[in-house]
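Based on the hints, put chains B and C with the ligands in the right spot on chain A.
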Amino acid sequence: MSPEAAHIESSCITEACTEEYSEKKREISSLNFKFPGELLFKISGRRKGLKGQLNRGGIFLFVFFLFMALFPSFLAPYAPNERFTPYKEPSWDHFLGTNDIGNDIFSELVYGSRISMTVGFAAALVSTLIGAILGICAGYFRGALDELLMGFTDVVLIIPKIPLIIVLGAYLQPSIWILIPVLGLLSWESTARVTRSKTLQLREAGYVKSARCMGFSSWHIMSTDIFPNLYNVLLPKFMLATASAMISEASLSFLGLSDISMKSWGTMLSFAFFRGGFIRDMWWWYTPPGICITLCIISIALIGFGLETQGKEHVREGADAM
Amino acid sequence: MFSISLRADRLSKTYEAGLLSTGKCIFREVSFEIRSGKTFGLMGSSGEGKSTLGRVVAGLEKATTGSVYYKGTPLTLMKKNEKIAFRRKVQIMFQDPTDAFNPRKKIGHAISEVLALLGVPEARHSSKTEEMLITTGLPKEVLSRYPSQISGGQLQRLALSRILLLDPEYIVLDEPTSALDVSVQAQILHMLKEVQTERNTGYLLISHDEIVIRFMSDSYGVLENGQLKIIE
Amino acid sequence: MNVSIVNTLLEVKDLQVFFKGIKTITALSGISFSIAESETLSLVGETGCGKSVAAHAIMRLLPSEARVKGIVKFRGKNLLELSEKEMVEIRGKEIGIIFQNPSLALNPVYSIGHQLAEPLCVHKKEKKEKALFMAAGALKNMGFANTAEYIRYYPSWCSGGMNQRFLIAASTILGPALLIADEPGKGLDRKRVSELETELKKLKFKNKTALLLISHDLSFVQRLADRVAVMYAGEIVEMADSSSIFEEPLHPYSKGLLNSLPEKGFIPIPGFSPSLSNLPSGCRFYPRCSLRKRHCIENHPDLKKINGRAVRCFLYP
Ligand SMILES: Nc1ncnc2c1ncn2[C@@H]1O[C@H](COP(=O)(O)OP(=O)(O)OP(=O)(O)O)[C@@H](O)[C@H]1O
Ligand code: SF4
Ligand SMILES: [Mg+2]
Chain A
1 MSPEAAHIES
11 SCITEACTEE
21 YSEKKREISS
31 LNFKFPGELL
41 FKISGRRKGL
51 KGQLNRGGIF
61 LFVFFLFMAL
71 FPSFLAPYAP
81 NERFTPYKEP
91 SWDHFLGTND
101 IGNDIFSELV
111 YGSRISMTVG
121 FAAALVSTLI
131 GAILGICAGY
141 FRGALDELLM
151 GFTDVVLIIP
161 KIPLIIVLGA
171 YLQPSIWILI
181 PVLGLLSWES
191 TARVTRSKTL
201 QLREAGYVKS
211 ARCMGFSSWH
221 IMSTDIFPNL
231 YNVLLPKFML
241 ATASAMISEA
251 SLSFLGLSDI
261 SMKSWGTMLS
271 FAFFRGGFIR
281 DMWWWYTPPG
291 ICITLCIISI
301 ALIGFGLETQ
311 GKEHVREGAD
321 AM
Chain B
1 MFSISLRADR
11 LSKTYEAGLL
21 STGKCIFREV
31 SFEIRSGKTF
41 GLMGSSGEGK
51 STLGRVVAGL
61 EKATTGSVYY
71 KGTPLTLMKK
81 NEKIAFRRKV
91 QIMFQDPTDA
101 FNPRKKIGHA
111 ISEVLALLGV
121 PEARHSSKTE
131 EMLITTGLPK
141 EVLSRYPSQI
151 SGGQLQRLAL
161 SRILLLDPEY
171 IVLDEPTSAL
181 DVSVQAQILH
191 MLKEVQTERN
201 TGYLLISHDE
211 IVIRFMSDSY
221 GVLENGQLKI
231 IE
Chain C
1 MNVSIVNTLL
11 EVKDLQVFFK
21 GIKTITALSG
31 ISFSIAESET
41 LSLVGETGCG
51 KSVAAHAIMR
61 LLPSEARVKG
71 IVKFRGKNLL
81 ELSEKEMVEI
91 RGKEIGIIFQ
101 NPSLALNPVY
111 SIGHQLAEPL
121 CVHKKEKKEK
131 ALFMAAGALK
141 NMGFANTAEY
151 IRYYPSWCSG
161 GMNQRFLIAA
171 STILGPALLI
181 ADEPGKGLDR
191 KRVSELETEL
201 KKLKFKNKTA
211 LLLISHDLSF
221 VQRLADRVAV
231 MYAGEIVEMA
241 DSSSIFEEPL
251 HPYSKGLLNS
261 LPEKGFIPIP
271 GFSPSLSNLP
281 SGCRFYPRCS
291 LRKRHCIENH
301 PDLKKINGRA
311 VRCFLYP
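Protein chains in written order, with the numbering used here: chain A, 1 to 322; chain B, 1 to 232; chain C, 1 to 317.
Because the hints were derived from the structure by calculation, they are not lab data. From a predicted model like this one, the values you see are computed outputs, not experimental measurements. Some hints here could point you the wrong way.
Claimed, not checked - Result set (BS3-like, lysine-lysine): computed pairs, CA atoms no more than 30 angstroms apart in a straight line: (1) K105(B) to K209(A); (2) K80(B) to K209(A); (3) K193(B) to K191(C); (4) K106(B) to K20(C); (5) K193(B) to K264(C); (6) K191(C) to K201(C); (7) K85(C) to K127(C); (8) K89(B) to K193(B); (9) K20(C) to K140(B); (10) K293(C) to K140(B); (11) K105(B) to K83(B); (12) K83(B) to K88(A); (13) K209(A) to K128(B); (14) K105(B) to K20(C); (15) K140(B) to K209(A); (16) K85(C) to K69(C); (17) K140(C) to K125(C); (18) K24(B) to K191(C); (19) K62(B) to K229(B); (20) K191(C) to K38(B); (21) K191(C) to K229(B); (22) K128(B) to K193(B); (23) K255(C) to K193(B); (24) K209(A) to K79(B); (25) K23(C) to K106(B); (26) K209(A) to K191(C); (27) K62(B) to K209(A); (28) K209(A) to K71(B); (29) K229(B) to K264(C).
Excised from the complex, chain A in its bound form (with noise of 0.2 angstroms):
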């Protein structure tokens, strides 16, 4: 190895190296997945203990709340929009009571989770697929493009986030279509960074040498040997991406910065706080999306970090199989 290569290595064989070995262990234990499902059944089932239990816990709420997103009408028992005395009570009808217009809140909710979700993965997609391909592209070409790149990601890294989105939130019609690309636009730095060191390594691995000489284009070996392999780097950055999405949403969201028409948990929190359901402490009214936030947060961020600590663990383990 080169000393200049080596140097890049070091600086960034944490996350390489560890994924190269779980990359590898994988390979041989369960040879022909691509279904994320199964790779999280995998997670859950090989863990024992506490940690396992987490995991799984964490898999069991993920699916709730997405089916929760993806089919309202099952849950909820009347219409977001539907209108009932306001101000109510939880009751048998009004499972979570009603809010200052009338609104049953339980139906809120539960529509509620689409709307948070979307923002989410929308903007954990778009950071994601940012991060990747200039991290694919840095790693990939080195040189001047790479410290060009990787320059550009230290400057977007130090922008402070919440402040800017603020500014742009006031200044623009807010919305979730200029929320999402913008949530998106300011997180991909971390998910480059890891890309590109892994693509680093990836660079050096016999059969990218090989397509290179075979003469396949660049765009080729980048799209089909590269990028399938960062699969396991990707994965648990989007989950974590989604997460911190939701989070920065429901705050902007809570401060006032939202679309009313399409009614998130965030912004469920910011009317029941400046809509007098703090005020006339109807609980039942400002709880529950703060709950559903939290614990929806929770079960992705286990979810990403135990896609994020499989590599690891197995380097703990200490032995190749082959």
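Leaving out everything else, chains B and C with the ligands in the frame of chain A:
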């Protein structure tokens, strides 16, 4: 000079001093020639830069000074289409067969990708692949497997035959057998010899094993302290 | 053989390993061997015949999808029945292991010194400085001149050969009674291999460490091993003293293996070893054997003892 040969002319490689590392000269003024149908062996202990030299000859890395001549033209002065031809005609095979195939592609996929690259029409892929399997002596079922489901020796054979699909004139063999066990090593070396007599391929064989080098090559050189000593 | 005189250190009886998956892979189908104190036993055989699996099964390092049966007795204790906690006590302290791939076995995020000192701190409760000092001593033994320097190095800064020696130093720093070396010479050049050989010999004669040596490099095995077990497709096909195997191999596979040695002119054995998920019911070497007979395909030969060696072949009644 033979115009058809692959020639390394006074190659030197120095790694520039970086922020944290001091510069390092890997080899200096190395010249040799590979003729078609012949094998040039390159010997030397690990860390002497044999693999770097191999990569430079295969055009994967640039030399600091000196150049590689293919059919009389130096690599650095090649036009685009000449460069593409060079890419096809000079191939490299690596030490670790488990690393030679993308772990996420089935073998069959990896092979047909190469065929697509060569512009072979889709309809002829299966017949071409079958032809290739006959030269490797492997059963057809390997095509539907992932690289991790196949043994090292079989992978190395597949790697070699994938390279042969491109019909190269020269192959740089970077320690082709040092990751394999003795019986598989014997199989691969014999396969390489067969291919050479059949197709008149020129090899640059890099190995630290003197016996392998002597067994395979027509002439060889020893890389020591950055200098190449040629032994006929 | 002097095995009967000396105490057996490790005894493996009918060790079987299966990997559950889409198809069950029989990686080991009942192997038995024993290692006496300060004896070197070598496992040789083609890739994928289960040598590494055997080593990992002994150390209980196999992944969770592996099913292990049999007995592995180390100093009277069956390792397969110990709890994970007791096993941790044994790993490193009583049985050391060197892995096939040094760059994977060394943790890239810690310095060499840290990784050498850690077992001392954990097992022997040494102070950090003392442990580092001892680590430096161990490196000196491995033939490193500038030990103070190397202590601060990271694995990625060093060549494969250096890492291999670090790894030996790390696995022997606690003075284990048995060292399992899985392909210690892999990827190293001649010079490094001969250095490695001196190191292992030193361990063997000076420290009286027993050695389970797994290697492809038959000449390396010949110089180091007291006894050799030849494995093929998950079973032992021949076991004998090192000298008798190399002078007069009995099993057709052992013969073929020796013929593919460089000195004999790289004569290959035709064909490939059988897939472990679909093993033939007869002799496993049948498709490639030049001396095969009709009944070899139907019956599975047993490991039979003749003149102090064991062979699994119908040619030897
Ligand atoms: N985790 C696993 N899951 C399924 N099969 C496995 C696993 N680990 C090993 N095997 C299989 O067990 C068999 C024996 O492997 P092993 O690594 O012991 O071979 P080996 O003799 O050490 O080969 P080499 O000489 O290449 O090191 C192989 O066929 C391998 O595919
Ligand atoms: S039992 Fe028969 S087939 Fe098997 S090794 Fe002996 S002679 Fe060959
Ligand atoms: Mg092994």
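Hint-by-hint comparison with the structure:
{"no.": "1", "hint": "K105(B) to K209(A)", "verdict": "holds, 16 angstroms"}
{"no.": "2", "hint": "K80(B) to K209(A)", "verdict": "holds, 20 angstroms"}
{"no.": "3", "hint": "K193(B) to K191(C)", "verdict": "holds, 27 angstroms"}
{"no.": "4", "hint": "K106(B) to K20(C)", "verdict": "holds, 21 angstroms"}
{"no.": "5", "hint": "K193(B) to K264(C)", "verdict": "holds, 17 angstroms"}
{"no.": "6", "hint": "K191(C) to K201(C)", "verdict": "holds, 15 angstroms"}
{"no.": "7", "hint": "K85(C) to K127(C)", "verdict": "holds, 23 angstroms"}
{"no.": "8", "hint": "K89(B) to K193(B)", "verdict": "holds, 18 angstroms"}
{"no.": "9", "hint": "K20(C) to K140(B)", "verdict": "holds, 25 angstroms"}
{"no.": "10", "hint": "K293(C) to K140(B)", "verdict": "holds, 28 angstroms"}
{"no.": "11", "hint": "K105(B) to K83(B)", "verdict": "holds, 28 angstroms"}
{"no.": "12", "hint": "K83(B) to K88(A)", "verdict": "violated, 78 angstroms"}
{"no.": "13", "hint": "K209(A) to K128(B)", "verdict": "holds, 24 angstroms"}
{"no.": "14", "hint": "K105(B) to K20(C)", "verdict": "holds, 23 angstroms"}
{"no.": "15", "hint": "K140(B) to K209(A)", "verdict": "holds, 26 angstroms"}
{"no.": "16", "hint": "K85(C) to K69(C)", "verdict": "holds, 20 angstroms"}
{"no.": "17", "hint": "K140(C) to K125(C)", "verdict": "holds, 22 angstroms"}
{"no.": "18", "hint": "K24(B) to K191(C)", "verdict": "holds, 23 angstroms"}
{"no.": "19", "hint": "K62(B) to K229(B)", "verdict": "holds, 22 angstroms"}
{"no.": "20", "hint": "K191(C) to K38(B)", "verdict": "holds, 28 angstroms"}
{"no.": "21", "hint": "K191(C) to K229(B)", "verdict": "holds, 18 angstroms"}
{"no.": "22", "hint": "K128(B) to K193(B)", "verdict": "holds, 22 angstroms"}
{"no.": "23", "hint": "K255(C) to K193(B)", "verdict": "holds, 23 angstroms"}
{"no.": "24", "hint": "K209(A) to K79(B)", "verdict": "holds, 22 angstroms"}
{"no.": "25", "hint": "K23(C) to K106(B)", "verdict": "holds, 18 angstroms"}
{"no.": "26", "hint": "K209(A) to K191(C)", "verdict": "holds, 28 angstroms"}
{"no.": "27", "hint": "K62(B) to K209(A)", "verdict": "holds, 14 angstroms"}
{"no.": "28", "hint": "K209(A) to K71(B)", "verdict": "holds, 24 angstroms"}
{"no.": "29", "hint": "K229(B) to K264(C)", "verdict": "holds, 28 angstroms"}
Violated hint for the displayed structure: number 12, the only one.
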